[in-house]
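Asks: Take a look at the letters that make up each chain.
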Amino acid sequence: MSQTISFHYDVPGDDFTRAGEASGSVKKALKKVGLAPDIIRNVAIAMYEGEINMVIHAGGGQIDVDIDPDAVRMVLKDQGPGIKDISLAMQEGWSTAPDDVRSLGFGAGMGLPNMKKYTDEMEIESTVGVGTTVTMTVFTHPREEAVS
Amino acid sequence: MKKVTVREIAQTCGFSVLAGADALDRQADRVFCCDLLSFVMGRAPADSAWITVMGNVNAVAVAVLADTACIILAENAVLDGEARSRAEGQGVPVLGSPHPIFDTGLLIQRMLED
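Chains as they are written, first to last, in the numbering used here: chain A, -19 to 128; chain B, 24 to 137.
In case anyone wonders, no lab produced these hints; they're calculated from the structure.
Small disclaimer: the values here were computed from a predicted structure and weren't measured.
The hints are all genuine.
Which residues of chain A face chain B? A partial, calculated answer using Cβ under 7 Å:
no.: 1; residue: S3
no.: 2; residue: R21
no.: 3; residue: A24
Glycine residues also receive a C-beta, built at the ideal position from the N, C-alpha and C atoms.
Take these sequences, add in the hints, and give me the full structure.
Replies: Rendered as structure tokens:
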């Protein structure tokens, strides 16, 4: 693979049954490209958590994924309420999800921590009342500093 | 630890096949028990036999993305229609166990340790 492959997805809001379609599609594409299973799994988990967050908190959003020889980059953008305190949101167990979401098995305050855990780089830009953009990168091979 | 196929788990433990009959050759090498999908996403090992009572469409999505070998619904928990069709479409084997979660896991663990 020498070129960048790009995907765009519109994630519908308030539809839990469709959450996972975008990440499932990217997972299939990464399998075709032939990336290592653990790299594919990291991307799939991080992106699914992002999709779920969009559905729970932001009424949906947009995801752009670029796959190139060095990395998989995901940009998840929504026009939701924004995150007031990002450091608090990054803490495991902290959640503002409503009860109906918890009854489905989500809302345990693990979404953003999981996204950070399964990616090599993650940045969150959020403005209250405007929306949130999360940019995540998973490298397709161990970085030099990680090897040494 | 040795690996067992989902088919062997179903046959040996007497679990029913609720969905994904075409994918029963998938191998599992450990057991993972949890109902909270947020935890499962972050912590279920790939190729694990995942035991839960959550039989909804989100559980199937989690199994696909976290790459578990199968879903095993303990306590005769129901696999709803939407989840069943998603599991069939995605090739996720789903088994049904009449036993509680721990007992279900123990049966599989004994197979893995034999």
